[in-house]
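Undergrad: Residue numbers (my numbering), protein chains in the order written: chain A, 1 to 322; chain B, 1 to 322.
Source of the hints: derived by calculation from the structure; they are not laboratory data. Warning: the hint list may mix true and false statements.
Heads up, the list lumps identical chains together, so a pair's fine if it works in one copy or across two of them.
The calculated SDA-like cross-link candidates involving lysine to any residue, where the alpha carbons are at most 20 Å apart (straight line), are [said to hold, decoys possible]:
1. 141 to 30
2. 308 to 59
3. 293 to 211
4. 137 to 22
5. 137 to 29
6. 137 to 20
7. 161 to 305
8. 137 to 125
9. 248 to 157
10. 105 to 81
11. 137 to 126
12. 260 to 102
13. 105 to 88
14. 289 to 299
15. 105 to 229
16. 37 to 141
All figures in this text were calculated on a predicted structure; none of them were measured in a lab.
Protein chains: 2
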Amino acid sequence: MVYKQILKDIEEELLILEEDLLAWIDTDIDLIKQPLKDMIFSGGKRLRPAMVLAASRFGQYDFEKVRQLAVSVELIHTATLIHDDIIDDSPLRRGIPTIQSRLGKDVAVFAGDFVFSKVFELYAFSEHFELLRIVAKVLHKICEGELKQREDLFNTNLTFKDYIFRIRRKTAMLFALSAELGARASKAPEKTVKALYRYGMNIGIAFQIVDDLLDFTSNNTQLGKPVGADIREGVITLPTIYALRHSKQKEYLKDILLNKRTDEAEIENAIEIVKNSGGLNYARCIAEKYVEKAQKSIEQLPDIPIKKVLVNISTLVTNRTK
Amino acid sequence: MVYKQILKDIEEELLILEEDLLAWIDTDIDLIKQPLKDMIFSGGKRLRPAMVLAASRFGQYDFEKVRQLAVSVELIHTATLIHDDIIDDSPLRRGIPTIQSRLGKDVAVFAGDFVFSKVFELYAFSEHFELLRIVAKVLHKICEGELKQREDLFNTNLTFKDYIFRIRRKTAMLFALSAELGARASKAPEKTVKALYRYGMNIGIAFQIVDDLLDFTSNNTQLGKPVGADIREGVITLPTIYALRHSKQKEYLKDILLNKRTDEAEIENAIEIVKNSGGLNYARCIAEKYVEKAQKSIEQLPDIPIKKVLVNISTLVTNRTK
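Let the sequences and hints guide you as you build the complete structure.
TA: Laid out in structure tokens, this is it:
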């Protein structure tokens with residue numbers, strides 16, 4: 001697997017983290033014990049912990065100093081996924097049934113809270129009190145991003161800027177946080193911390209743009225949800241923003257969205273309009289621009305082996321589209 | 001209002017906390033800005049902050065030292081209420097529409113997370129790092145309590161012990177935490193901290209038993225949800241546990257619950273069976289026992305004026321039934 005090859009520099013550490021993750025989500029409540037385990041081991045790519053580990057190599061690298069931080073970002077990610085799946089009504093995540101589909105939305109609400117509370121506990125019992133401040137701020141921004149997405153549903157006037165505002169919070173800040181945590185914990189110079197933070201943010205933005213693209217181009221099996229789920233739910237993403245400006249059928253597209261039409265034929269028309277508008281290509285170009293920005297962010301950093309890993313990870317993000 | 005009279009010793013501090021609460025839940029996201037404000041100001045009794053403030057008087061009282069702690073327990077309470085309302089599908093809370101009924105369950109999930117993340121932030125920027133450990137542990141136990149309630153739905157074999165296990169986590173630990181935080185922050189002697197913790201735990205248990213009683217005895221307007229909501233949802237509480245053992249119609253009651261019957265006539269039968277079983281009286285007696293235990297917990301504490309407030313609060317908890 002390409003991804004594993006890219007990460008072989010930090011492969012061993014990532015394996016140790018699997019055990020840690022398991023320990024942190026363990027509970028005596030049988031109802032969620034196995035479902036949480038299954039979710040953790042359903043093949044997440046651990047991109048965020050990888051970011052922590054990679055960034056920490058630019059300072060005085062000490063795995064024990066960053067180990068818990070790497071776990072924490074994956075736990076935050078897991079908690080938001082559990083709550084996201086409630087909202088999207090997703091039956092599958094990474095090919096396995098979601099907690100909400102296995103146990104109902106009610107259980108999923110508190111299962112997500114449970115994982116969230118574990119993040120709290122992790123920091124409370126760590127030495128990273130200073131870093132907790134950064135984490136806390138990002139956490140509430142992530143929530144704001146998710147709420148912004150609800151606020152912007154079916155908003156056909158959404159701009160590029162609105163979209164970036166939202167995905168920075170919803171997705172990119174956790175990548176940026178991961179890089180920052182790794183760099184700070186290993187006492188990298190402030191300039192390096194900032195560069196890695198920017199790298200994380202740009203990668204995160206590219207990552208989400210690609211995610212939104214895949215919603216149009218993947219098939220149902222790959223996604224675990226119907227193609228065009230975003231259009232169906234009224235989530236306006238970059239390809240749609242483009243189509244709403246540039247498609248010859250933009251008025252029709254606007255009409256479908258504004259009137260929240262649910263007729264399958266109309267939904268499929270909307271998806272086709274976006275696909276034929278050039279919006280996917282546009283979004284892919286923008287994603288690539290952010291990947292370039294990410295790579296540029298770390299240009300000035302010392303040429304240690306892990307730098308190549310970061311460059312490779314960034315390429316991987318856009319390759320997901322193909 | 002009786003409650004206000006009882007609390008007049010800490011009335012001024014509680015008023016200051018209202019401002020603090022408002023500041024903490026403020027957000028730029030218009031979607032939830034007003035709904036969160038409305039919820040905060042819908043007439044919550046601030047029992048938990050009152051507990052923090054009262055307990056802190058047994059040490060070197062300094063309002064500024066406990067101010068944020070008092071806010072934090074109300075924020076935790078608010079976050080769990082938002083998520084609870086999703087699960088209960090409640091249209092009203094304290095007489096005003098719930099966030100889930102105003103904005104949908106999706107928004108409520110992240111609105112609750114948002115408030116939860118603010119607790120995180122509050123501690124990150126406070127001086128109470130030591131106390132964060134206690135808070136973190138309680139947070140995950142609260143989630144476990146909520147999950148246990150889901151796990152135990154329609155379980156007609158539920159025992160008194162199971163029930164207490166659940167409500168300790170779901171409700172009582174936050175009361176105990178509140179008392180402990182106040183006492184610890186003001187450096188009360190360890191013996192005093194422990195006594196106040198026990199007081200909080202026992203009051204919390206009594207409080208939840210009474211809440212579960214009210215579900216049978218209040219009317220729809222008072223509750224903001226149909227009478228017998230617990231029976232409808234399959235939540236087995238103390239009166240039902242009693243009825244399942246002692247009612248002459250226990251087999252019929254068991255049948256209704258085990259088969260999750262939703263027919264209105266059958267539900268009403270189940271409610272009547274519980275009411276006629278003596279289960280309400282039993283539960284009221286148990287609640288009173290816990291109030292007595294609470295009062296006994298603080299018997300040895302110095303006779304400062306606030307001690308009377310604690311005794312009065314405890315009486316108030318059971319009086320809610322009448």
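Undergrad: So, for every hint listed, does it hold in this structure?
TA: Quick rundown of the hints versus the structure:
1. Only between protomers do residue 141 and residue 30 lie at most 20 Å apart by alpha-carbon distance; the minimum there is 14 Å, versus 32 Å within a single protomer.
2. For the identical chains of this complex, residue 308 and residue 59 are intra-copy neighbours only, at 16 Å inside a copy versus 57 Å across copies, given an alpha-carbon limit of 20 Å.
3. For the identical chains of this complex, residue 293 and residue 211 are intra-copy neighbours only, at 18 Å inside a copy versus 56 Å across copies, given an alpha-carbon limit of 20 Å.
4. Taking CA atoms no more than 20 Å apart as the test, residue 137 paired with residue 22 passes between copies only; the shortest distance there is 18 Å, against 26 Å inside one copy.
5. In the homo-oligomer, the alpha carbons of residue 137 and residue 29 lie at most 20 Å apart only across protomers (15 Å), although the nearest pairing inside one protomer, at 30 Å, exceeds that limit.
6. Only between protomers do residue 137 and residue 20 lie at most 20 Å apart by alpha-carbon distance; the minimum there is 18 Å, versus 24 Å within a single protomer.
7. In this assembly of identical chains, the alpha carbons of residue 161 and residue 305 never lie at most 20 Å apart, being 35 Å within a copy and 58 Å across copies at closest.
8. Taking identical chains as interchangeable, the C-alpha atoms of residue 137 and residue 125 lie at most 20 Å apart whether they share a chain (19 Å) or sit on different chains (10 Å).
9. Taking identical chains as interchangeable, the C-alpha atoms of residue 248 and residue 157 lie at most 20 Å apart only when both belong to the same chain, with a minimum of 17 Å there against 65 Å between chains.
10. Taking the shortest alpha-carbon separations for residue 105 and residue 81, both the intra-copy value of 13 Å and the inter-copy value of 16 Å come in at or below 20 Å.
11. In this homomeric assembly, residue 137 and residue 126 come within 20 Å of each other (Cα to Cα) both inside a single copy, at 18 Å, and across copies, at 14 Å.
12. In the homo-oligomer, the alpha carbons of residue 260 and residue 102 lie at most 20 Å apart only across protomers (19 Å), although the nearest pairing inside one protomer, at 29 Å, exceeds that limit.
13. Within a single copy, residue 105 and residue 88 get their C-alpha atoms as close as 11 Å, and across copies as close as 11 Å, so both meet the 20 Å cut-off.
14. Taking the shortest Cα distances, residue 289 and residue 299 sit within 20 Å of each other inside one copy (15 Å), while across copies they are farther apart (69 Å).
15. Taking the shortest Cα distances, residue 105 and residue 229 sit within 20 Å of each other both inside one copy (19 Å) and across copies (18 Å).
16. In the homo-oligomer, the alpha carbons of residue 37 and residue 141 lie at most 20 Å apart only across protomers (19 Å), although the nearest pairing inside one protomer, at 27 Å, exceeds that limit.
Of the numbered hints listed earlier, the single one contradicted by the structure is hint 7.
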